[in-house]
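Peer 1: These are the residues of each chain, in order.
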Amino acid sequence: MATTATPRRSIRWSRYEGYLFITPLFVGMIAFIFIPIIVSLIMSFTKWDIVTPPEFIGVKNFIQLLTGDRMFWKVLGNTLRYVVLSIPLSVTIPLVLAVLLNQKVPGVTFYRIAFFLPLVTSVVAVGLLWRWMYDSDFGLINYLLKSIGLQGQKWLSDPNLAMPSVVFATVWQGLGYNIIIYLAGLQGIPDHLYEAATIDGANDLQKFFRITIPMLTPQIFFVLVISFIGGFQSFGLIYVMTQGGPVNSTNVYVYYLWQTAIGSAKMGYASAMAWILTLIMFAATFVQVRVSKYWVHY
Amino acid sequence: MSRTLTAAPPSAAAPRWQMSLRTATRIKKTIITAILIVLSIAALFPFYWMISGSLKTEFEAFQFPPTIIPQEPTLENYQGLTRDLPFGLFYLNTLKIAGLSVLGQLITSSLAGYAFARLDFPGRDKLFLVVLSTMMVPAITTIIPLYILVYQINWVNTHYPLIVPTMLGSAYGTFLLRQYMLSLPKDLEDAARIDGCNTFQVYYKIALPLMKPALATLGLFTFMGQWNDFFGPLIFVDKIDLYTVQLGANLAQGQWYTDQPRLMAGSVMITLPVLLVFIFLQRYFVRGVNLTGIQG
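First to last, the protein sequences are chains A and B.
Residues 1 to 298 (our numbering) make up the first sequence, in order.
Residues 1001 to 1296 (our numbering) make up the second sequence, in order.
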């Protein structure tokens, strides 16, 4: 080893060299993550509008949120609706697409790019595009519906349809990410499992349900958790497409949080909301990790 | 289910049966190809609609039934948008933010990733766990204190709050580069040490060039993240001279809410650069997404 040739002093010093390498990263983490987390926790117990000094009010923000704020419960309900609508689609559609893409057929690169492109498109572009396609008078979707004899809908201005419409655009945008996760999983399934099943006379559907799905449960589980976490933090598409409307039917958690913090300058109240969100996410991840033990085959 | 049909004993693998199996595979592949073609066209069609919409006159865009191919293609929407809004400036701002972020991110994360993979220092593994645990914290928890911090150090209406935090690395980048480093053999680094390189020289001359594919992935992710970021600029910037392309397109929506062709032109303008980058660097992108999945 080369180190034996170097003087003793520098051996001792070299044990701490690593700290120099991680210093820039930790400066960033301390300034922009650790301190803000602590500050955010403290702020959640205050009333603060930035202009006047903060006032300590104990757990009043949390009590107000949980017992006195109807809007809070409404946006929580909307967010759950968003998650419940989007998860089945974003777990299953990419799964089927990934299985198809994993076949050795010509032109696979092209199809992959087709499904990945929405992923690298910004929420602003996706939002503007889908708002135009959903247009009730001149939009493409109503045109397609009418041309097969169905009735056009007011996709984004009907309170009952606005949320599913936004969800569909989100699912389209996120297809690629989940496909990539599934494809990696599919490539890890050993061929001999399928060969053995073929010899035993299994058909393609049986192979899909008896081999592919059980072998992919870690990925399915990951997609589930990621979709839940992503769904609870959705903001951009809602901002661009509906601004939380009509009549707050698409007002979701982070959108309301943003309105509270930036719109109404209620910093303490918004911080309390952020912490409740953080707790919901931890709890959900914890539950999913626990439950997954029973059905995820690693 | 066709159980009786498929349950043929393995001994039935006679030449004739094999022939039909091969034909069956070919038919299956044709069907899969057909399905994939239809679905990928369906997935791509919205992009076509964006582009064709951006080339229509306002008169044509508000016709029913809509025209699939623009009848009188025009660049008027692009010209109007760039005349009424300083889009050139928005591009420069976004390039500056994304470029500096990528540069800083690569340096900071590769230094840390290298240290966590190769250097032995007290508390290393615990510190790495601390780094990883920050990925669990939702961005929304830190954004309000950051907003106030930015207010108090007078960074409002500068690009600093968009650039500096990203320049100082990320848990994801550190994780990605550490994993990549761990997958490489140490021989070259050992040889460099014998030749008298110090730790920083080993990192700079040996490790950094070896990490190139992973650096490309991280650079691509950082670039796309910054180019497409909407929440950050929305919160930290409200002077039009400092707008990014995303804010610019959003502003266009505010000003010409019903002028759909013009908004489609805006969408194309903010999407095209990142699509081109993506198509060329697709491979690195897929690798990067997979790395987010591994922790799952």
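One thing to keep in mind: the hints can contain errors.
[Said to hold, decoys possible] Computed cross-link-like contacts, DSS-like style, restricted to lysine-lysine with a CA-CA straight-line distance of at most 27 Å: (1) B:Lys-1029 x A:Lys-104; (2) B:Lys-1126 x A:Lys-207; (3) A:Lys-146 x B:Lys-1028; (4) B:Lys-1126 x A:Lys-293.
None of these hints come from the bench; they were simulated from the model.
Peer 1: Now, for every hint given, state plainly whether the structure supports it.
Peer 2: Evaluation of the provided hints:
As the CA atoms of Lys-1029 of chain B and Lys-104 of chain A are separated by approximately 8 Å, the hinted pair is consistent with the 27 Å bound. Taking the CA atoms of Lys-1126 of chain B and Lys-207 of chain A, the gap is near 43 Å; set against the 27 Å cutoff, the hint is violated. Proposed proximity of Lys-146 of chain A and Lys-1028 of chain B is contradicted: the alpha carbons are some 34 Å apart, above 27 Å. Of the supplied pair hints, the one linking Lys-1126 of chain B and Lys-293 of chain A holds, its CA atoms being roughly 26 Å apart against a limit of 27 Å.
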